[in-house]
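> This is what each chain is made of:
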Amino acid sequence: MAPDRADAVIVGGGIAGLAIAWELRKRAARRIVVLERRFSGYGSSMRNIGRVRAMQLTPELARIAIAAQAKHAGLSRELGRNTLFWRAGYALVLYDPEEPEMMRGVQRMLRELGLKTELAAGAETVRRLPILEGGAPPAGALIRPDASVHHDAAMFAYRRACLAAGIEIREGVEVSEILTAGGRAAGVVAAGQEISAPLIVNAAGAWSGVLSAKAGVKIPNRPLRRQALVTEPSRPFMRTMVSFYRPVEGWFHQTLRGEVVMGVVPADEPVGTDLSASAESLGRTARGILAKAPRLGSLRVVRQWAGLYDVTPDRKPMVGPTSALPGFVQLNGCNGRGFALFPILAELLARWIDEGRRPDLLAPFDAERFAGQEQASVTIGDYYAGYRKALDSSGATMER
Amino acid sequence: MAERENSGRSLAAAALATGKSALARSFRLHRPRGAFCHAGWCQQCQTVLPDGSRALACQTPAEAGNVAGLESADPLRAVARIAEKWPPWFWETRMLSPEAARQPWLELLRRMSAAPPLSTSTSGECRPWRRSAADVLIVGGGRAGLVAAMSLALAGRKVLLVEAERLGGIARFLPVERGRVPELASAARRAGAQLREGILCLGLYDGATRALLIGPDGPETVEISSLVVAAGGYDRLPAFRGNDLPGIVGGRAFLRLVAAGALPPAKRIGLYADAAAAPRLIEAARAYGLAWAWIAGPGALPLAAERSHPHRRLRRASGDRCVREVEIDPDLRLGCDLLVLGLSQPAYELQMQAGRRAVLSGDPAAVRTAGPALLPLLELGEATGLADGPDFVSQVEAAVQAWLGDPHGNTPAPQDHVSAEKPDPDAFLCLCEDVRVRDCERAIADGFDHVELLKRRTGAGTGPCQGKLCHAELMACLARAGRNPALPTVRPLLRPVRLDALAGADDGA
Ligand SMILES: Cc1cc2nc3c(=O)[nH]c(=O)nc-3n(C[C@H](O)[C@H](O)[C@H](O)COP(=O)(O)OP(=O)(O)OC[C@H]3O[C@@H](n4cnc5c(N)ncnc54)[C@H](O)[C@@H]3O)c2cc1C
Ligand code: FES
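Taken in order, these protein sequences are the chains called W and B. Going by my numbering, 321 is the number at position 321 of the first sequence; the sequence numbering is gapless. Going by my numbering, 1491 is the number at position 491 of the second sequence; the sequence numbering is gapless.
These are calculated hints, taken from the structure and not from any lab test. Wrong hints could be hidden among the right ones.
[To be verified] With the C-beta cut set under 10 Å, the calculated list includes, among others, these residues of chain B facing chain W:
#1 Ala1073
#2 Pro1098
#3 Cys1126
#4 Trp1129
#5 Ser1132
#6 Ala1133
#7 Gly1215
#8 Pro1216
#9 Ser1225
#10 Arg1312
#11 Ala1370
#12 Gly1371
#13 Gly1504
#14 Asp1506
Glycine included, C-beta positions come from ideal geometry on N, C-alpha and C.
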């Protein structure tokens, strides 16, 4: 059998893989093959909750997230299919009395980037978010009309656009080997078959560390399980999506279909690719959410599931070529923000690949930034610690 | 006449007795819906009680509700009628831009939902999580479960049997068999088995090494080393046009209703049943002095009476807010105010969670499971898909003995079966999400031909019943299109559970 050839092979059929395939194809006529072990979206891309938040807590992330939200806002038109981009609103609710004051720093930083937020204080928070009535009294909330998309709708829009553009999406095909020749990436072995290509993109999500290792390229990414549950639908009773980080990390919101999705994160989740939901998470989530929003208590839970974050030591994405293996390109490490960020990251990466110059917005996310420290420990538990530290050192330089 | 079942009448049964079968509305298309299962699993009869809380009418005592207040007039129904012509993903090609217009449009779509409002009643109580362990967990306290509990306890196993309702299972509603339940239960207890009523098994966790239970004492996880599924069966709702009309009930639902005296004799009751289910339904009706308007079925029927129509297929049901007439092959029209469907879907979810794969078998096809499981697993009683024989007790005992000898041996491998019958494209495939057969066929043709993609594309299987009503039809639809008839991952929970019931402290032991 003659070896299969492509101009680019994308490993992983999640949002990262489909977005980079689409962006590369948009720029030039190329033969692009996306290889997906199960079905497109099997990974986290069909297990997430589609929040597209611009209001990030560090300037590097806020800059890219603002661009990411703008990209999502125009995505329905770009792909020719509705992704259900909806400005439901977003509130970061605070419970520690010191936090509203600290959030002023974040608010200033965001304002400098052109993003207006509101900081509700004390009792005003509950007036703005009546679903919190009767729960633990909030100290305040940072609020802005951030958006969500429907993850399945966005995935299907990409899938269809890719297929219509002649991109081949092969499902049920696992990449087992990365081939090299003369110190460059030369192709992959997928389901026993060789496909040669000068460009290979690692869009394997939570499995990106494993895939990278196959290419002999070390990256510090680690997979981390995140769980969620969903209730039966109700008539609309809330709009704003809620998140909180202290004393526990958790979130909930009502979807367009009227269901309430929610999750509460354990501080001690071990690293690994376990995709099964746990009984413990049911109890933890019910306790954690009802402590804040007791009125949700009468809703019935219909289903629970688990997905994976692809976590990096600094919680930032990994994007770009690797000097250890030219032709092998990273597009992963998006932690809990990949659905929001990958469309814009893919657009910028495609430009980088074609023009050979790194777009400025990608500088903080350069895949080479951990060179020599790939073993850097990924502190899983405290998402919040990063920004707290940053705020303590005050102002614009955050998370080193 | 046989003695009545005395567990009290439900709000849904009380409504039916007054001739009212529309109790709720479907969320998306605002179609009138009624109780199909009368047993708490089909989720089609959710209503709002006078105190502002939401409840399944079939699980609520008649006194707690208000029959007249059920499913009141729905002004949005007229608007929803337009949407009936569109597939569930109708929004996909609409309102792509500008954003300023899309926002209010989405807001409007959101408000079109016919789902009940968030309950205004206060939260219920929450009990702490507990832990326990058992050698064998038996799910289902019907006759099969009780006999197995006795046999396994006599064999020296630590047996925990959980029953979602009350001991006896479906036999509670069978005029003759119900008499034997107390005797079977006390034999199991004497042998040392622990029997617990009112406890639901919600799913398996941690590689099927633990089961989650919930009951009046709160949630509980049980470490288990083997599992007996004696959870009986669900009523099977096949795809025919008009299959979502109120007034269509399952065969097991009929047994419950007739035993509770909830069926007025004046009602015209039609029976469409397969050869396995027909005898016991006919028997129960006779015992309670009820007459059938007619009896039909896809196979042979036990009774060659005047009004019996064997070897005929149900084509469609029609009526306004309640079934009034059905059409049977080739073009026979029969009137009825209540249509009983005596077709079965054996319990399958726990077997799937234990690692088995799904296959289709029977006609109309039902979901069965096959292949190896993660732990020693035994199916008994109606969960095996077979009707009980007269020497039922010795059959179960023999199955248990064989299993004790070869705990991994019970791995049935029925054949995938695809009926050549094409259902009406207008038939509902998924009632919870208002997905029709034609929507699924269209989605498959559009390339959403992996069951996980098909589920996400159409919403089929994602509603409150979690696929119990529609999984078999979903698989059959894939099979007819020549695709792999798999089931989507069967995720916990097996039944919806209130969030506050799960919020108790974890004993951490
Ligand atoms: C519960 C939860 C909630 C979330 N909420 C949000 C949110 O609100 N907003 C947001 O922006 N993000 C959210 N995320 C994160 C987001 O889902 C992810 O960052 C994003 O989907 C990752 O996309 P991906 O394409 O990189 O990975 P994936 O979608 O996981 O895709 C990777 C694919 O690669 C395939 N693959 C792996 N190895 C191989 C191989 N060797 N060969 C072939 N194929 C392979 C896998 O099968 C998989 O399908 C959430 C995540 C979870 C779990
Ligand atoms: S009928 Fe309930 S999920 Fe399909």
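> Each of the hints needs a verdict: does it hold here or not?
Consistency of the hints with the structure:
no., hint, result
1, Ala1073, "16 Å, violated"
2, Pro1098, "9 Å, holds"
3, Cys1126, "8 Å, holds"
4, Trp1129, "5 Å, holds"
5, Ser1132, "13 Å, violated"
6, Ala1133, "14 Å, violated"
7, Gly1215, "15 Å, violated"
8, Pro1216, "17 Å, violated"
9, Ser1225, "17 Å, violated"
10, Arg1312, "37 Å, violated"
11, Ala1370, "21 Å, violated"
12, Gly1371, "19 Å, violated"
13, Gly1504, "7 Å, holds"
14, Asp1506, "5 Å, holds"
In summary, the structure is inconsistent with hints 1, 5, 6, 7, 8, 9, 10, 11, 12 from the numbered list given earlier, while agreeing with the others.
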